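**Student:** Chain residues, written in single-letter form:
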Amino acid sequence: DSGVTQTPKHLITATGQRVTLRCSPRSGDLSVYWYQQSLDQGLQFLIQYYNGEERAKGNILERFSAQQFPDLHSELNLSSLELGDSALYFCASSVELAAKTQYFGPGTRLLVL
Amino acid sequence: AQSVTQPDIHITVSEGASLELRCNYSYGATPYLFWYVQSPGQGLQLLLKYFSGDTLVQGIKGFEAEFKRSQSSFNLRKPSVHWSDAAEYFCAVGMSGNTPLVFGKGTRLSVIA
Numbered sequence: 460d461s462g463v464t465q466t467p468k469h470l471i472t473a474t475g476q477r478v479t480l481r482c483s484p485r486s487g488d489l490s491v492y493w494y495q496q497s498l499d500q501g502l503q504f505l506i507q508y509y510n511g512e513e514r515a516k517g518n519i520l521e522r523f524s525a526q527q528f529p530d531l532h533s534e535l536n537l538s539s540l541e542l543g544d545s546a547l548y549f550c551a552s553s554v555e556l557a558a559k560t561q562y563f564g565p566g567t568r569l570l571v572l
Numbered sequence: 103a104q105s106v107t108q109p110d111i112h113i114t115v116s117e118g119a120s121l122e123l124r125c126n127y128s129y130g131a132t133p134y135l136f137w138y139v140q141s142p143g144q145g146l147q148l149l150l151k152y153f154s155g156d157t158l159v160q161g162i163k164g165f166e167a168e169f170k171r172s173q174s175s176f177n178l179r180k181p182s183v184h185w186s187d188a189a190e191y192f193c194a195v196g197m198s199g200n201t202p203l204v205f206g207k208g209t210r211l212s213v214i215a
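Chains A and B are the protein sequences, given in the same order.
Quick note: the numbering used here has the first sequence finishing at residue 572, numbered continuously throughout.
Quick note: the numbering used here has the second sequence finishing at residue 215, numbered continuously throughout.
It is worth saying that the hints were derived from the structure and are not from the lab.
From a predicted model like this one, the values you see are computed outputs, not experimental measurements.
Each residue gets a CB set at the ideal place from its N, CA and C atoms; glycine is no exception.
It is possible that part of the hints are untrue.
Claimed, not checked - Computed spacing ranges between beta-carbons, pair by pair:
{"#": "1", "chain 1": "B", "residue 1": "Gln104", "chain 2": "A", "residue 2": "Pro529", "range": "44 to 50 Å"}
{"#": "2", "chain 1": "B", "residue 1": "Pro109", "chain 2": "A", "residue 2": "Arg477", "range": "35 to 41 Å"}
{"#": "3", "chain 1": "B", "residue 1": "Lys163", "chain 2": "A", "residue 2": "Phe528", "range": "30 to 36 Å"}
{"#": "4", "chain 1": "A", "residue 1": "Glu513", "chain 2": "B", "residue 2": "Pro109", "range": "24 to 30 Å"}
{"#": "5", "chain 1": "B", "residue 1": "Pro109", "chain 2": "A", "residue 2": "Gly543", "range": "24 to 30 Å"}
{"#": "6", "chain 1": "B", "residue 1": "Pro142", "chain 2": "A", "residue 2": "Gln476", "range": "25 to 31 Å"}
{"#": "7", "chain 1": "B", "residue 1": "Glu166", "chain 2": "A", "residue 2": "Asn536", "range": "38 to 44 Å"}
{"#": "8", "chain 1": "B", "residue 1": "Gly118", "chain 2": "A", "residue 2": "Arg477", "range": "46 to 52 Å"}
{"#": "9", "chain 1": "B", "residue 1": "Trp185", "chain 2": "A", "residue 2": "Gln526", "range": "41 to 47 Å"}
{"#": "10", "chain 1": "A", "residue 1": "Ala557", "chain 2": "B", "residue 2": "Arg124", "range": "25 to 31 Å"}
{"#": "11", "chain 1": "A", "residue 1": "Gly511", "chain 2": "B", "residue 2": "Ile214", "range": "44 to 50 Å"}
{"#": "12", "chain 1": "B", "residue 1": "His112", "chain 2": "A", "residue 2": "Pro529", "range": "40 to 46 Å"}
What the hints assert, rightly or not - Derived EDC-like pairs (lysine to aspartate or glutamate); straight-line CA-CA distance at most 16 Å:
{"#": "13", "chain 1": "B", "residue 1": "Lys170", "chain 2": "B", "residue 2": "Glu122"}
{"#": "14", "chain 1": "B", "residue 1": "Lys207", "chain 2": "A", "residue 2": "Asp499"}
{"#": "15", "chain 1": "B", "residue 1": "Lys163", "chain 2": "A", "residue 2": "Asp460"}
{"#": "16", "chain 1": "A", "residue 1": "Lys516", "chain 2": "A", "residue 2": "Asp499"}
Could you put the whole structure together from the sequences, leaning on the hints where they help?
**Tutor:** Here you go:
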């Protein structure tokens, strides 16, 4: 158990819908990262937040957004969902902004029908 | 941009046999190097990491990895594989500063009796 929690574990929804994925980092970790894992693209970095502020952006679609709250938990919002958004979404956390060791949560498996 | 190559998509080994999973990276300076393992339906668990110093690093579950600068490699090894080692293994690379980790596509390990 990494100490990173993610909810829900599974999510099934329809195209065009909006969903919110939640992540709680390890106690004391200020940095939260979101990744998308799909069969064709592998593990892709989406976005990073540190102490409530966005600090790095990767291959994140405009339909996707994230935020980190004062209690340091983070949410990833996915809207106007398409079939191709079906994937595993991971959250990871680390202690510092540029800390290299990231600890991953169990993931949320999203299925868009 | 840095890249990570895991040449073997799928490897099958017999229980008790030795294992070596290959990882090559492309980056000008010495990066930070990681191996993660993902069991079916689970998140990524950190096996080991290399930042500097001794080029042979020990990890959890009896795994070790050796950094070879001349070959830009960070291969993962285990002397005797157990059936519970069947999983997907990911090599990842990080750079200094606040830059995201870059992951390889993964190597799926199957263990047969």
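**Student:** Now tell me if each hint is right for this structure.
**Tutor:** Now the hints, each set against the structure:
1. B:Gln104 x A:Pro529: 44 to 50 Å: violated, 34 Å
2. B:Pro109 x A:Arg477: 35 to 41 Å: Given about 40 Å between the Cβ atoms, the range holds.
3. B:Lys163 x A:Phe528: 30 to 36 Å: holds, 35 Å
4. A:Glu513 x B:Pro109: 24 to 30 Å: Violated - the Cβ-Cβ distance for Glu513 (chain A) and Pro109 (chain B), about 35 Å, lies outside 24 to 30 Å.
5. B:Pro109 x A:Gly543: 24 to 30 Å: holds, 27 Å
6. B:Pro142 x A:Gln476: 25 to 31 Å: This hint holds: roughly 27 Å between Cβ atoms.
7. B:Glu166 x A:Asn536: 38 to 44 Å: Check passed, 41 Å falls within 38 to 44 Å.
8. B:Gly118 x A:Arg477: 46 to 52 Å: holds, 50 Å
9. B:Trp185 x A:Gln526: 41 to 47 Å: holds, 42 Å
10. A:Ala557 x B:Arg124: 25 to 31 Å: Taking Cβ atoms as reference, Ala557 (chain A) and Arg124 (chain B) lie about 28 Å apart, which means the hint holds.
11. A:Gly511 x B:Ile214: 44 to 50 Å: holds, 49 Å
12. B:His112 x A:Pro529: 40 to 46 Å: Holds: the Cβ-Cβ distance is about 45 Å, inside 40 to 46 Å.
13. B:Lys170 x B:Glu122: holds, 14 Å
14. B:Lys207 x A:Asp499: Distance ~9 Å between Lys207 (chain B) and Asp499 (chain A) Cα, so the pair holds.
15. B:Lys163 x A:Asp460: holds, 14 Å
16. A:Lys516 x A:Asp499: violated, 20 Å
The earlier numbered hints that this structure contradicts are 1, 4, 16.
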